[in-house]
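Asker: Protein chains in written order, with the working numbering: chain C, 1 to 257; chain F, 1 to 334; chain W, 1 to 300.
For the record, the hints were derived by calculation from the structure and aren't laboratory data. Among the hints, erroneous ones may be present.
[What the hints assert, rightly or not] To list a few chain F residues with every Cβ distance to chain W over 12 Å, as calculated:
no.	residue
1	K7
2	S9
3	G53
4	Q78
5	L106
6	S108
7	T115
8	I146
9	Q154
10	Y159
11	L167
12	S177
13	S234
14	L260
[To be verified] Mimicking BS3-like on lysine-lysine, the simulated pairs with C-alpha atoms at most 30 Å apart in a straight line are:
no.	chain 1	residue 1	chain 2	residue 2
15	F	K173	F	K203
16	W	K272	W	K287
17	C	K70	F	K203
18	W	K272	C	K71
19	C	K71	W	K287
20	C	K108	F	K203
21	C	K217	C	K108
22	C	K123	C	K200
23	W	K33	C	K12
24	C	K195	C	K217
25	F	K203	W	K272
26	C	K123	F	K6
27	F	K203	C	K12
28	W	K287	C	K70
29	C	K217	C	K187
30	C	K122	F	K6
31	C	K122	C	K108
[Stated by the list, open to error] Reference listing, derived: stretches of chain F covered by chain W, where coverage requires no fewer than 3 residues with Cβ under 8 Å from a Cβ of chain W:
no.	region
32	80-87
33	123-131
34	201-214
Glycine is no exception: its CB is placed at the ideal position from the N, C-alpha and C atoms.
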Amino acid sequence: MSSLTVKNVTLKFGGLTAVHDLSFHIPAGSITSIIGPNGAGKTSVFNMITGFYRPTAGQIMLGNENLVGKKPSQITQRGLARTFQNLRLFPNLTVLDNVKSGMHSRTKQTVWGALWHTPAQKKEERLIEEVARDCLAFVGMDASRYRIAKNLPYGEQRYLEIARALGTKPRVLLLDEPAAGLNYEEKENLIELIKRIRQKYELTVLIIEHDMGLIHKISENVIVLDYGQKIAEGAPVEVLNHPRVVEAYLGKEEEAM
Amino acid sequence: MNPLGKKLSIILSLVVACCLPFLTNNYWLDVATLALFYIVLAQGLNVVVGFAGLLDLGYAAFFAVGAYTTGILMTVYQWSFWLTLPVSMAIAAVVGVIIGAPTLRLRSDYLAIVTLGFGEIIRILAINLDITGSASGIYGIPRPSIGSYMLAGQMDFYYLILIIAILAVLAVKRLGSSRIGRAWMYIREDEDAAEAMGINRIKMKLLAYSIGAVIGSLGGSVFAVKMSAIAPLSFSFTQSIMILLAVVLGGLGSIPGVVLGAVLVIALPELLRSVEDWRYLIFGVALVAMMLFRPQGLWPARYDTGKDSAHEADTLRTEGSDRDVQLDSEKCNA
Amino acid sequence: MDILVQTLADGLVIGAFYSLIALGYTMVFGIIKLLNFAHGDLYMLGAFVGYTLLSVVSGNGSGAGLMGIIVVLFLTMVIVGAIGMGIERVAYRPLLLAPRLSILITAIGVSLFLENGSMLFWGAQYQVYPLQLSHDGWEVFGAHITYTQIGLVIISALLMLGLHLFISRTLYGKAMRAIAHDQTACHLMGINVHKVIALTFFIGASLAAGAGTMAGAYYGTVNFMMGFIIGLKAFTAAVLGGIGSIPGAMLGGLLLGMMETAGTFLFGGSWKDVVAFSLLILILVLKPTGIMGEKVTERM
């Protein structure tokens with residue numbers, strides 16, 4: 001469990017400012033949602049936190065450590081895991097192998113161990129398998145462990161991404177639109193799952209989501225972005241009724257409908 | 001295939017491979033020796049292309065590094081063959097890193113053409129440098145010996161390269177099923193996701209590249225003493241393509257497939273002697289046809305080690321991989 | 001001084017060939033993100049088709065006059081353009097949605113096919129072009145610049161100008177640029193994407209073929225492997241100029257031609273290719289977007 005702090009972060013692509021002077025703090029152990037209209041910069045924020053984009057200015061702190069300038073893999077090693085908005089599984093590998101990926105940065109056997117099948121290597125492989133199967137069992141997918149990832153139904157692919165992220169043994173979990181494309185029942189299950197994740201794995205959870213119902217039910221704290229800036233922050237009930245949020249976010253969605 | 005059948009077929013093919021020198025004439029023994037060389041090279045390339053998904057079009061360069069290192073050390077400095085092996089492997093690993101380090105950040109297709117360029121540079125260096133004997137190459141490379149026994153006969157070299165081939169297959173197999181092998185496959189499947197899972201893609205790609213280089217150079221070293229003369233002609237772009245063909249034909253990432261592919265690439269031209277001029281034309285068509293109709297290869301890699309979903313291996317990669325499209329178009333549109 | 005001018009003049013001609021081939025690379029890459037490995041072989045094919053047509057024209061006793069040459073050049077471009085389109089239809093189109101590795105390997109297969117098909121058809125030995133171009137010319141600062149060189153550069157320039165007008169002024173050109181930007185959106189907007197891609201292959205192939213015919217006439221001999229190295233170099237030129245950028249390809253070709261002739265002059269002919277390939281690697285490592293390429297931020 002660890003807190004995440006974003007301090008005065010700005011992201012520019014050429015002349016375009018995707019995120020402007022954004023600051024927020026996510027207390028350890030909380031579930032926080034980031035919402036905002038399409039193009040508000042939510043995924044950009046995720047990509048900066050996870051090291052895929054480098055902020056033009058500002059700091060991102062995991063606990064007391066600045067993450068800016070670190071590679072995504074280094075950030076994952078420090079205890080931050082993510083899922084992707086558009087599923088990014090390893091499509092041709094088995095479910096189990098997908099989840100095993102998380103343990104890569106938690107293990108250290110080299111070519112030598114692999115070539116000679118040393119006892120230490122075998123022990124480590126057993127550990128990897130154990131952790132991976134635990135994570136799969138946690139999301140209820142242990143039975144599908146030998147299936148090829150791309151052949152799974154959509155909902156299970158979403159769960160698999162979560163299991164895979166848990167496999168990295170994170171302290172903070174970032175979920176990018178985890179409910180996208182799920183039906184009502186699946187969403188209800190997802191809410192339960194996220195709550196259970198926090199409890200069992202003692203995680204800080206940050207979610208990007210569009211589904212207002214889900215946000216209401218799950219988050220303790222909501223951050224609203226529009227045009228790369230934070231326009232509101234607080235408990236779900238107050239934030240979602242905030243006039244600027246209604247104007248920027250809900251208003252637009254009605255138009256779209 | 002069940003595990004017992006698998007074991008039996010491995011033992012059977014090993015027995016056949018061991019008895020082959022007594023079952024056939026010199027001509028076919030030579031073909032078989034060449035096929036074993038190709039198995040070594042193709043397994044090395046399999047690590048790079050099949051596991052890590054990095055298209056290397058200059059792989060013959062590493063074959064050349066091995067052959068020339070051994071050739072030069074043995075003729076100019078009178079080294080023992082066995083001592084040249086670690087040296088040539090080390091040099092190949094270093095060359096692999098030198099080539100890889102600056103280029104592995106590039107998109108896959110750029111990497112392909114850069115490796116092609118490097119392959120050509122190494123070949124042109126071999127043609128132009130004095131130490132490599134210019135265009136005529138190096139000749140009079142001594143025979144290796146074990147104790148007082150000198151490996152000189154055709155059969156000796158057959159068994160030498162057979163041992164190397166078995167070791168290469170075993171090494172690649174073990175690497176493939178380790179955390180390192182899995183990391184390569186994650187990178188091949190989705191680089192960004194692999195990085196997000198905590199895999200340092202640059203480091204792992206470099207490792208794949210170096211391992212491939214080491215295996216290739218090992219093949220080259222043995223090639224040098226087997227032929228006792230080497231020339232730049234053996235390390236051309238065509239050679240790189242033939243090795244690639246073996247990997248693609250057999251099945252990218254599939255260890256038995258790549259063995260099969262290597263044997264086919266060597267044996268088919270022998271069987272098709274009557275249409276020799278058509279050989280490369282047919283290979284070209286074969287490459288296109290494989291990609292169009294059976295991209296997973298003749299003996300596809302199977303990642304579903306479980307029994308409950310065996311049939312899915314056949315549909316591997318064939319059914320329109322929508323995700324790839326989605327990802328690619330996303331990258332392109334950005 | 002004379003050597004410098006001579007180098008520049010020779011480099012300009014070679015550079016013009018590189019530019020014409022690089023254009024095809026860049027256009028195809030721009031539109032479907034494919035490195036068409038077989039592209040250099042279309043140049044070779046152009047040289048051979050031109051060779052055969054010229055043999056026919058000059059074989060009936062009339063000899064190939066200026067008009068004859070221009071007609072041959074035009075016909076070659078159409079024929080090879082059609083072949084390029086055929087390749088796209090058969091080998092690439094079914095794989096547009098496949099993983100990138102598949103289509104790259106396919107392109108290598110196509111290249112092998114074209115090279116060895118040409119070898120079977122026209123023979124493995126060098127063929128002498130049935131055409132003697134004049135070696136007369138002007139003396140400029142002590143350098144000898146032939147009328148032929150000037151003619152070839154002018155023809156190349158006209159072809160490039162034509163392409164530029166086509167891309168910037170016509171609806172097809174606009175569609176090409178649009179598809180390069182977002183293929184799916186173009187589909188949705190009712191643009192016949194496949195038709196435009198096919199046209200791109202046609203243009204790219206015919207430009208390479210034009211370069212091939214001219215190169216055949218300029219150097220005097222043709223061979224089935226002549227496209228391999230030059231394809232790689234033209235790719236270098238495309239990357240140098242910034243892959244995907246049409247003016248970049250033109251500029252990159254000319255620059256590479258001159259750098260290479262300068263490199264030959266400095267290091268000797270046997271290192272010529274090393275100079276070009278080292279340059280390629282350097283650019284890709286230091287500035288992969290080239291001179292005029294746009295920076296592409298990969299979206300997650």
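Asker: Which of the listed hints are not met by the structure?
Answerer: 3, 5, 6, 7, 18, 21, 25, 32 and 34
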